[in-house]
Each structure stands twice: as C-alpha cells, then as structure tokens.
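Number of protein chains: 2
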Amino acid sequence: MRKITIAVDAMGGDNAPGEICKGAILACEEFEDIEIALTGDENKIKSCLAKKNNSRINIINTTEIISMDEHPANAIRKKKNSSLRVAMEMVRSGEAQGCVSAGNTGAIVAGGVLIVGRLPEIDRPALGVVIPSVLKPSFMLDVGATVRCKPENLLQFASMGNIYARKILKIENPEIKLLSNGTEEIKGDEATMSARELIEAKSNLNFKGYIEGNDVVWGKSDIIICDGFNGNITLKLGEGIMQCLKNLLYDEVKKSFMTKAGMLLLAPVVKRLWARFNYEKYGGTPLLGVKGAVIKAHGRSKAPAVKSAISAARKFIEENGPDLISNEI
Amino acid sequence: MRKITIAVDAMGGDNAPGEICKGAILACEEFEDIEIALTGDENKIKSCLAKKNNSRINIINTTEIISMDEHPANAIRKKKNSSLRVAMEMVRSGEAQGCVSAGNTGAIVAGGVLIVGRLPEIDRPALGVVIPSVLKPSFMLDVGATVRCKPENLLQFASMGNIYARKILKIENPEIKLLSNGTEEIKGDEATMSARELIEAKSNLNFKGYIEGNDVVWGKSDIIICDGFNGNITLKLGEGIMQCLKNLLYDEVKKSFMTKAGMLLLAPVVKRLWARFNYEKYGGTPLLGVKGAVIKAHGRSKAPAVKSAISAARKFIEENGPDLISNEI
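From first to last, the protein sequence lines are chains A and B.
Taken in order, the first sequence gives residues 1 to 329; the numbers are from this note's numbering.
Taken in order, the second sequence gives residues 1 to 329; the numbers are from this note's numbering.
If we strip away everything but chain A, and leave its shape as in the complex, we get (with noise of 0.2 Å):
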C-alpha cells in the first residue's frame, strides 16, 4: 500500500485547534494509508488529541499563527514558523503530498504560489468549491484565488475544472458553463466573450455555453467557470442569504406557541433543506494549478469537514491530480 502523507495545519481556522485534531483522528480512523503530520502549538495539539492519539498523526511543532486578518502574502514572507507555512514546506520537500488548512484564504493562495509552486504549465491558481444545488452539485472555481483574470486563464480554470470533476467527484463527462449576466452569446464582458472562444475550441472540454445567476443554485452545470472576483462574490451572496433566512425564520417562530409548534412538525423538512446545502460533506476547496495537493477547509469546520478536507486531499494525490493538470494543458 502506498503511503500518503498529508500535513494539516492544525491553528487555522475558527475552531482550532480542537476540531482540526478530532477531523485528524477521524480521518485516520476512516483511511489506513494515510498520516498525518499537524503543525502548530505541540502542548495544544496533544492535550487535543488526549488519549485518542493515533500512530499515524506526527506533530510538528511551529511558534506562529497566521491570523485571518492578515495580509496574505506578508504574512506568509515573513512568518516562517507559522503552521501554514510548514505544513506547505513538507508539501514543497516532498515530506507531504498535500497539505489542508481552514485559515486564512488569502494566506493559503499566496503560499500556495510562493511556497508549494505553480505548476509551470498554469499561469494563475483557482480555488474550486462544489456548491451544493438543487439537481445536483456544481464545482465553481475560481471563487478567490485569482483575482481578475485573462481569458486565458479562464480557459485554464475550464481544463482544470474538468479534470477534477471528472478524477475526484467522478463526473463523467462534465458539463461545462462560463458565468455570465445572461445566457445569450451576445451577453458577457469582453474576458467572458473571448474565454468562451478560447474554451468552446477546446474538443475535449464538453462546454455548453452561458450561465447566469439564477440557474446557479438549480445544479444547471457540473462545472461553473468565473474569475475570482465575481465567483467569491457569488459563493458569499449564496452563504449570506441562507444564514439570513436561517435567522429570520428562527426569530420569527419564537414568536408565538403556534408557530413553535407548526415548527417542531416541520423539523424533519427544514432539517433536509439544510442538509441539502450543508458544505460540509462537500471537502474543502481544492487550490488547483500548483505543485499538490492544496485544500482550503471553511473557516468554520468541524471535525467532519476537516475530514472531508483530507479525505478531498488523499483523493487528489492517489490520481495523481496535480500530474494529470499539467498533462492536460
């Protein structure tokens, strides 16, 4: 059995490192070949994993934290003992094969870039999310990664999209849309109007065309392709509003006796829809385009959303993903 290593930075997010730790023995638990190696405050990591330690979680001890509020791309210059940054060492050393961390966004774009490296062949990074729909999921990149792009690296993303789709959420032969404000072929901004050219020459990309906001929650493509700018906008208008109503719906049953109890019927209903839209059972948000395995965990994971990050991780190293992106292009 080859063994894959994957390292967990083990301070990033809102509930580390507790729930990092039990998402590591969980995964352990579940998948025998892989370790794991956490890294971040030796003393908090154990007194996490108490007695449930497993042989196959190794900590690596690190002095710094990268907090979610600092700039990307200095923090990860400068702070060279932060978890985040060793964690995307071993990646760069070959100690790990990918690494996993629910913190800072930015600081995991940038170190991916800077410290775990571009895959020659693509010239700028895209963070993918499969955001769950109505139909069926739809993996959307970029949401963050890259800014404003070229229509070349729209096409990249389009490639990109394709094989994770395929490789790691088995989908055969996606569908692939480009986000737009309409789905008419005279509809888009001029990157959007060339990248459809560039990608609809593309045979081997099964490209149907325009997307628009409203039949992005419906599932209407297994592959939705934007730049970074409007995709984080999109992902974080959708994760607002269901918060939103989330609230609005709880303040507006405490109401009343009646209400509280119309609700306690209607548990089983609302318990679905939310389940339906539950990111965590979806794993992390992949950073294709660089050397790795790179996975982006929410913010707010718990231990089976950190499961699911590495769990997305060991996927895409046993398929080889980042060889499979570079031979595609």
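Read the hints as simulated data drawn from the structure, not as lab findings.
Glycine is no exception: its CB is placed at the ideal position from the N, C-alpha and C atoms.
A portion of the hints provided could be inaccurate.
To be verified - Which residues of chain B face chain A? A partial, calculated answer using Cβ under 7 Å:
| # | residue |
| --- | --- |
| 1 | E239 |
| 2 | L248 |
| 3 | G262 |
Could you slot chain B onto chain A? The hints should help.
Below, chain B alone, put in the same frame as chain A:
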C-alpha cells in the same frame, strides 16, 4: 396642479397587456396629477380596460412588439412602431416626462440611450434596484445597464445613487459602499480599487468602503455600487436562491400530513418572510443617467408592481430627477 404624463408600454412583460392596463388604472386612481399614455395594440388595450376606463388614460396604437429574447439595440433601432419605442419617443419629444415598461431589459437600456438620450454629464447609464434586505432595503446599481465599467462610471453611479436614495427613497445622508471580494482595502480588482479612490475623494458622498457578498442581504449599506456584470449576476443569484428555496420547501412539505399541518401553523411566518423579500412594493428599477424618468418594471409584474413602477416614475419627475443628476455631476 402640474400635470405629469407617463407613457406606459402596455405590451411588455409576462402579464401584458392585462396586468399592465390594470396597473395603469390603479395608478390613475391613486394619483390625480397623472395622465397615462398606454402604447400598444389598441383593440387589446381597450378590451383590457373594459368599463374601468379612466379619462386620464389615453391609448396610443402601435403595431410592433419587442419580445424578451430579441437583440436589444437592433430591436429598438428597427421596430420603430413598437410599443416600447413609441413610449420612449414620447419622452424624447416631451409629450411625456417619463415611461414605464416591464419588457426586454436590454431594449429599455438601449432605448434609454438611443431614443430618450443620455444626460450630457453622464458617460454610461445605470439600472438601480431596491433590494429587500434584513435591516433596511438597499439601493444597488448598476444591475445590468453597463456590463463592464471604468472607475469613472462607478463614481457617476455613486453620485446618481446618492440622489435617487435621498430624493426618491427619502434616505437622509445615505451610506454608500462598493461591492468587492472582501472589506479590507487591499481587496478589489483594479477598476474597483480605482473607483474606491475616486468615490472617497468626493466629499459630498457618504462613502464607507467595500461591502462583500454575504453582507448584501443584511442591508449593511443604503447604496451598493457595482458594475452591470456583477450586479446582474448578484441580483439573479438572489432571485434564484429565493425561488429555489420556495420550490424545495413546498415540495418537501407536500410529502406528509404532519408537515402539511406544520406548514399551516407556520403560514403567517412564511408569509411575513416572503413579504419582506417581495419586489412588488419597491416600485421598479430606474434607468439613471437619461433625459427622463425611465422605469423598468419586473418582467413578472402584476398590476400592483406596475402601479409601483408608475408611482416611481411620478416621484422621479416631481423631484426633477434628471436635472438633479445633471447638476450634481
């Protein structure tokens, strides 16, 4: 009493001409200072108005219709006797001071520029929309008139939004934010970053920096500025999510007697929630930057929404909206 004439495109929108005519009647009943010119198929309009005809409603017979999927600029140029173009010609000639249509948005924007005409001080027009949010409604522009914007365009949108919010929405000293991929100063693409500097330098604008996607729905700004590409995607995504949740909820509820009973008890809550996000009460989407009050009503508008759009046109005319914008820039 000053008489205001508003041309209304009776043939535009999913529910034309029936609901458009009903909306015109409602508006005339509410506002005694307006006259309405309904442009469209005279016979159809007459049968819609039936006995409810109001002496302040005139019919202007037209023979062509611009459909929802026509190329906007071509349609406006070629269909000289279309209900939309004739309504806009009335604004250009001064027979009307404003017009309302629930038809093809692109054609309304194209007609606003080509027929009604841009204000000389404004380089590109903007469609503004009041988006229902939790804390307070926000006025967002542009949501689709100018697909890709220069920083100077975004600055003009901020000034136009400021006037509309103050004069029409009656918000004192409205807060203005720029839609971006994060709230920190380092965020934003090039155009957004430059626009930030330009808007910041205008001392008459109450500018508060960036707003990110998840805060849009909370109403964390009175005015939200973005380009038409992003604005269109954001607006449609929001609509799509709401529609999708509504459908999923009703599908799930139908499945058992218990959940149906629960839904019955929760009905007032759900009604209040949807009412909060109901576009009908917000009265149409102004096309700002043109020489008249051009208001786009939602394509699915029924009579109350049409009345709201006519009311918005009336207010904009009463306040001399276009002059205010010219003077401000």
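* How about G262/B: closest beta carbon in chain A under 7 Å, or not? -> holds, 3 Å
* Minimum beta-carbon distance criterion (7 Å), L248/B to chain A -> Cβ of L248/B sits 6 Å from chain A, so the hint holds.
* Interface restraint verdict for E239/B against chain A (beta-carbon cut-off 7 Å) -> OK, holds: E239/B within 7 Å of chain A, min 5 Å.
Violated hints for the displayed structure: none, as all numbered hints are satisfied.
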